[in-house]
Structure formats: C-alpha cells, structure tokens
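Sequence positions in the sequence shown follow mature numbering (1 follows the signal peptide of the UniProt record, and there is no 0) and run -19 to -1, 1 to 227.
Hints listed in this document are in silico derivations from the structure and should not be mistaken for laboratory results. Bear in mind that the values here come from a model prediction, so they are computed numbers and not experimental data. One thing to keep in mind: the hints can contain errors.
Result set (SDA-like, lysine to any residue): computed pairs, CA atoms no more than 25 Å apart in a straight line [to be verified]:
#	residue 1	residue 2
1	Lys67	Ala81
2	Lys194	Gln21
3	Lys157	Val5
4	Lys157	Asp114
5	Lys163	Val5
6	Lys25	Asp8
7	Lys194	Ser9
8	Lys25	Gly50
9	Lys166	Glu143
10	Lys194	Val209
11	Lys25	Glu173
12	Lys83	Pro115
13	Lys25	Ile76
14	Lys166	Phe146
15	Lys166	Pro115
16	Lys25	Arg44
17	Lys67	Gly190
18	Lys17	Leu170
19	Lys194	Asp13
20	Lys157	Val145
21	Lys67	Pro192
22	Lys25	Pro77
23	Lys163	Val129
24	Lys157	Thr125
25	Lys163	Met131
26	Lys67	Met56
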Amino acid sequence: MKKWIVGLLTIMLPFTVMAAGGNVHLDSANNDLTDKASLQRGAKTFMSYCAACHSTQYQRYQRVATDLGIPDDLMMENLVFDPNAKIGDLMTNAIPAEDAGKWFGTPPPDLTLVARVRGVDWLYTYLRSFYADPSRPFGVNNTTFPNVGMPHVLEGLQGIPEPVFETTTVDGEEHKVVTGTKIVKMGELTTEEYDNTVRDLVNFLEYSGDPVKLERHALGWWVMAFLVIFTIVVVLLKKEYWRDVH
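Please put together the full structure from these sequences, using the hints given.
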C-alpha cells in the first residue's frame, strides 16, 4: 500500500509544482508554426540576442535552415556567428559552462525544450515583464519570474520598463507590490513592434522544442481516418460472419 502511495505522489509532484507557479496572469502568444517568415525572424532574434549565452544543442544549423526555408549559405552568413562552425554542427554556444557559472551564478540553461517545459504563453509574458530594479545584480527584475537572474537582453529593443506599484495593507502594515510595468524610455521598437518580435522569438522556440509537431499532427488525422474506416470494415465483417448464427 505504501508503495502505491509513494508512486502516486511521485506522479503528482510535477503537476503540484506547476500548479504552484500558476498564479501569474499569462498573455496569449498566439503562435503560428506555419508562418515561416515569423520563424525566420524568431531565429534571427534568437541568434542575435540569445545564442551568445544560451544554446539549443539538440538542434543542428542545417535542420533549422531546411525547416525554415533558409538556404545553407544564407544561414551560415547571417545567423551563425561562430567562424569555426559548420552547417551540420549542433547549435551550441561559445561560453564554457565553468566560466558561465562564475559570471552568472549558474550556467545559462539550454533552450531547446524551454517552450515545452514552460509553455509558450509563459515565455511570451516573461519576455515582456522585465522592469528596472537597482537592487538586483543585473539591474532588472521580472513580474512573471521574481528575482530573475538574467539580464534584460532585449532592453535595447523594448526600452527601459519601470515598475508599477500597488499599495496593499497586511496586518496593519503597508506593502508595495509590483503589479505591472510601463515604458519610460522607448527602445528601437514601438510596444506593438516589440510584442511582435517577442512573439516571433517564442514561435521559433516552440518550433525548436518539437520540430515535427506539424507533421505529427497531420499524420494523426490520417491515422484517425484509417482507424474509423478499419472499424467500419471490422463491424461489417463481424456481422457477415455471424449473420447465420443469429
């Protein structure tokens, strides 16, 4: 009996952890994996702003280029910044894990599966929720991921977000709570343009986590159709075999 209880708790633990972090409002990313232009823009943003620290080491440059409709030479010329990399290489970064651990406190995680682990809506909201916080090591915090240990690498695009506070009273004491952000100094992009850039980036990360998702879904419809037709044939065959018996 104890083994059954332990097994049940083991199965339920991941869902409990996920539920514990589910009290943050998430904006809908509205991704479209069929939009290759969006995926190409997302790949460009990732390689330009994220790949210096984060790898997607379970992908290869050539596979990404093929799936996204990018010629190999353009991929190497515009999206691969490692002069020693080859088109068939895995998409690793150049920072040794030991050095990254010293600089950031912990090595930046690989992002190949981050969209599957966190969810696309969480990523979309997270990348739009940074705000200035001088008390933090990199001068920023995040309403979706409090006490975040990552700098706001897209600040040049978004601008400088400032926190919006709301005062609440707990046990007779007033506390300031960050409820949102506002841009006080615009970056290179407008708010709408920045949201679209983040959406493209999240779209690319969703593709990275499951490159064959569209093919798998399309194949699934054919499998369901086959099962329906096969079931009808089996039922008719059963009736034919048992007709004389009944």
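> Okay, which hints does this one fail, numbers in order?
Replying inline: Of the numbered hints given earlier, the structure breaks none, since each of them holds.
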